[in-house]
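A.B. asks: These are the residues of each chain, in order.
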Amino acid sequence: MTLLPKSLETASTKHQNDTSTSQSNVYGYQFGFLDEDAKKEIRRTLLKAVAIPGYQVPYASREMPIARGFGTGGLQITLSIIGADDTLKVIDQGSDDSVNAVNIRKFTAETCPGIKLTKRTQEATLIQTRHRIPEIPLKERQILVLQVPYPDPLVVVEASEEKRKIMHGGGDYARLWVKLYEDMIKFSEITISHRYPTRINGSYVIDPSPIPRFDVPKLHQSECLYLFGAGREKKIYAVPPYTNAQPLCFEDIPFRVEDFTDEKGQRRACARCGSTTSFLDEFLGNTGEKVYQCSDSDYCNSQLALRETLSE
Amino acid sequence: MNKILEVRNLTKIYGSNCPQCFTSTGPEANTNICPYCKSIVAAFNVSFDLYQGEILGIMGESGSGKSSLVKMLYFDEAPTQGSASFFEKNKTYDLFALNSAQAMWLRNHRFGMVYQNPHLALNFQVSAGGNIAERLLVSDCINYTKIRDRSKTLLARTEFLIERIDELPKNFSGGMQQRVQIARALATEPPLLFLDEVTTGLDLSVQAKILDLILELQQQLKVAMIVVTHDLGVIRLLTSRTIVMKYGRVVESGLTDQILEDPQHSYTQQLVASAL
Numbered sequence: 292m293t294l295l296p297k298s299l300e301t302a303s304t305k306h307q308n309d310t311s312t313s314q315s316n317v318y319g320y321q322f323g324f325l326d327e328d329a330k331k332e333i334r335r336t337l338l339k340a341v342a343i344p345g346y347q348v349p350y351a352s353r354e355m356p357i358a359r360g361f362g363t364g365g366l367q368i369t370l371s372i373i374g375a376d377d378t379l380k381v382i383d384q385g386s387d388d389s390v391n392a393v394n395i396r397k398f399t400a401e402t403c404p405g406i407k408l409t410k411r412t413q414e415a416t417l418i419q420t421r422h423r424i425p426e427i428p429l430k431e432r433q434i435l436v437l438q439v440p441y442p443d444p445l446v447v448v449e450a451s452e453e454k455r456k457i458m459h460g461g462g463d464y465a466r467l468w469v470k471l472y473e474d475m476i477k478f479s480e481i482t483i484s485h486r487y488p489t490r491i492n493g494s495y496v497i498d499p500s501p502i503p504r505f506d507v508p509k510l511h512q513s514e515c516l517y518l519f520g521a522g523r524e525k526k527i528y529a530v531p532p533y534t535n536a537q538p539l540c541f542e543d544i545p546f547r548v549e550d551f552t553d554e555k556g557q558r559r560a561c562a563r564c565g566s567t568t569s570f571l572d573e574f575l576g577n578t579g580e581k582v583y584q585c586s587d588s589d590y591c592n593s594q595l596a597l598r599e600t601l602s603e
Numbered sequence: 007m008n009k010i011l012e013v014r015n016l017t018k019i020y021g022s023n024c025p026q027c028f029t030s031t032g033p034e035a036n037t038n039i040c041p042y043c044k045s046i047v048a049a050f051n052v053s054f055d056l057y058q059g060e061i062l063g064i065m066g067e068s069g070s071g072k073s074s075l076v077k078m079l080y081f082d083e084a085p086t087q088g089s090a091s092f093f094e095k096n097k098t099y100d101l102f103a104l105n106s107a108q109a110m111w112l113r114n115h116r117f118g119m120v121y122q123n124p125h126l127a128l129n130f131q132v133s134a135g136g137n138i139a140e141r142l143l144v145s146d147c148i149n150y151t152k153i154r155d156r157s158k159t160l161l162a163r164t165e166f167l168i169e170r171i172d173e174l175p176k177n178f179s180g181g182m183q184q185r186v187q188i189a190r191a192l193a194t195e196p197p198l199l200f201l202d203e204v205t206t207g208l209d210l211s212v213q214a215k216i217l218d219l220i221l222e223l224q225q226q227l228k229v230a231m232i233v234v235t236h237d238l239g240v241i242r243l244l245t246s247r248t249i250v251m252k253y254g255r256v257v258e259s260g261l262t263d264q265i266l267e268d269p270q271h272s273y274t275q276q277l278v279a280s281a282l
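Chains as they are written, first to last, in the numbering used here: chain A, 292 to 603; chain B, 7 to 282.
Simulated from the structure, these hints should not be mistaken for laboratory data. We put the beta carbon where it would ideally sit given N, CA and C, even for glycine. There may be inaccurate statements among the hints.
[Claimed, not checked] Listed next, the stretches of chain B that the computed footprint assigns to chain A, with coverage defined by at least 3 CB atoms under 8 Å from CB atoms of chain A:
hint, region
1, 104-113
2, 122-135
[As the list claims (entries may be wrong)] Pairs of lysine-lysine residues, derived as DSS-like cross-links and limited to a Cα-Cα distance of at most 30 Å, are as follows:
hint, chain 1, residue 1, chain 2, residue 2
3, B, 95, A, 477
4, B, 9, A, 477
5, B, 152, A, 477
Working from the sequences, and respecting the hints, build out all of it.
C.D. replies: The following block contains the structure:
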């Protein structure tokens with residue numbers, strides 16, 4: 292368990308000591324909003340998820356003050372493992388200032404007095420995210436918590452959960468491959484843009500939440516711990532550090548990520564910071580032209596700052 | 007000749023199962039519903055052997071238990087009692103002692119099934135080629151070019167128009183769907199194939215072609231087959247040995263010619279006479 296970040300290792304002892312002072316905030320909530328029993332249950336679920344990489348562990352998803360489907364799964368994980376000495380970053384589609392990120396950050400800050408907030412990826416010990424993995428590679432002792440709408444990759448091919456569980460148990464993912472095959476015959480390429488089915492540790496296939504294909508390789512042999520929480524579907528799963536994560540693909544057709552090349556075959560650059568290696572968002576400028584900009588706002592800012600210091 | 011399958015005392019009862027079930031049902035009692043507990047005795051003490059490259063016919067009227075028998079061997083249903091062993095070169099599988107993963111492995115790698123109704127075997131949401139690809143993908147072939155080539159070879163062998171490989175099965179006629187099903191069952195070159203009423207409901211010219219195809223495959227690939235049918239013509243054309251079933255019991259078994267020319271049991275006599 293030495294690979295586990297500090298906050299998860301020490302979480303349980305820390306919170307027991309906290310109980311006496313935890314109601315000191317203005318709202319009179321427990322530290323971390325959830326009661327200690329709920330947090331304990333989620334932590335036990337997390338340990339099981341880490342022990343069986345990619346396996347969807349069921350848990351009793353609690354009612355939260357935000358609606359299910361708005362990140363309650365991720366929020367419950369964050370609140371269960373956060374401690375007063377943690378530094379939290381919350382992002383939504385790569386941005387710290389999107390509405391979902393702002394709400395969750397405010398809520399966590401108010402219910403977890405003492406935590407530090409940051410927008411800088413390197414400073415954070417705990418990052419809650421929706422739909423992106425930060426551009427700057429995450430290190431050991433950092434945890435990325437992903438909000439998951441649909442935890443089961445098999446849901447697109449099998450409607451019955453009972454049958455899906457049997458399929459997972461038997462490693463029967465042929466129907467997912469058939470979907471890739473059908474894509475190949477119809478479009479001559481695989482058209483899954485996000486939620487790309489990924490095989491963890493050579494065993495279970497996960498739905499890595501709606502991250503773009505661009506981010507899928509970051510799951511493979513990463514230094515940090517990835518935790519996935521689906522609040523509405525009541526499932527938690529994990530990709531532990533230094534674990535294999537292979538996107539499903541045919542032997543003779545390599546997995547491809549978004550390449551952002553323009554008509555001339557040139558890699559597009561971010562209109563703001565000029566980066567040619569980041570994941571770009573496309574939007575329309577004031578005159579109706581297409582503009583491309585980094586989706587990770589912290590990365591974009593740091594590249595911009597770097598460029599300014601170099602030009603000085 | 008190598009034995010490929012050995013079935014002993016296979017029994018299937020749907021319902022609560024009481025001690026009188028076996029004595030109060032069968033051809034003598036003229037029912038397969040137990041009068042005491044209302045259970046249905048679909049098959050009772052069925053035993054037979056099957057050898058490599060052989061075609062065994064199972065004949066009988068509707069509800070005689072012939073389909074239940076094949077479904078048990080293909081792991082679609084669990085038997086109430088009995089055993090079955092599948093033999094490979096130097097390996098023996100006790101079918102009903104396997105765990106579900108081993109059973110699925112055997113089913114996907116060594117067995118093939120062609121149902122009467124293509125809807126049971128084919129996924130109508132994916133193309134004909136995709137249906138064949140599924141079988142190949144299950145047996146760990148994940149090379150797109152190889153899958154494509156193999157599907158085309160299989161469909162060509164079943165005289166299917168290759169140009170229509172990427173169409174959905176719903177666009178095909180019944181005979182074409184049946185060809186896709188056969189191609190799918192043959193994808194992994196299984197040594198044992200179950201055919202459950204393959205030609206029922208097809209028109210006569212298509213029936214003849216499908217039967218020709220099955221014979222050709224048996225001669226080329228040396229596949230052992232169990233053919234379930236109530237059609238005497240199919241039995242006569244395809245099989246070398248036949249089992250006749252009534253109300254879950256085997257009433258007669260032997261060489262097909264012998265059974266059709268000189269039936270011993272009164273039910274078989276009636277069956278053969280009514281076909282003429």
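A.B. asks: Checked against the structure, which of the hints given earlier come out wrong?
C.D. replies: 3 and 4
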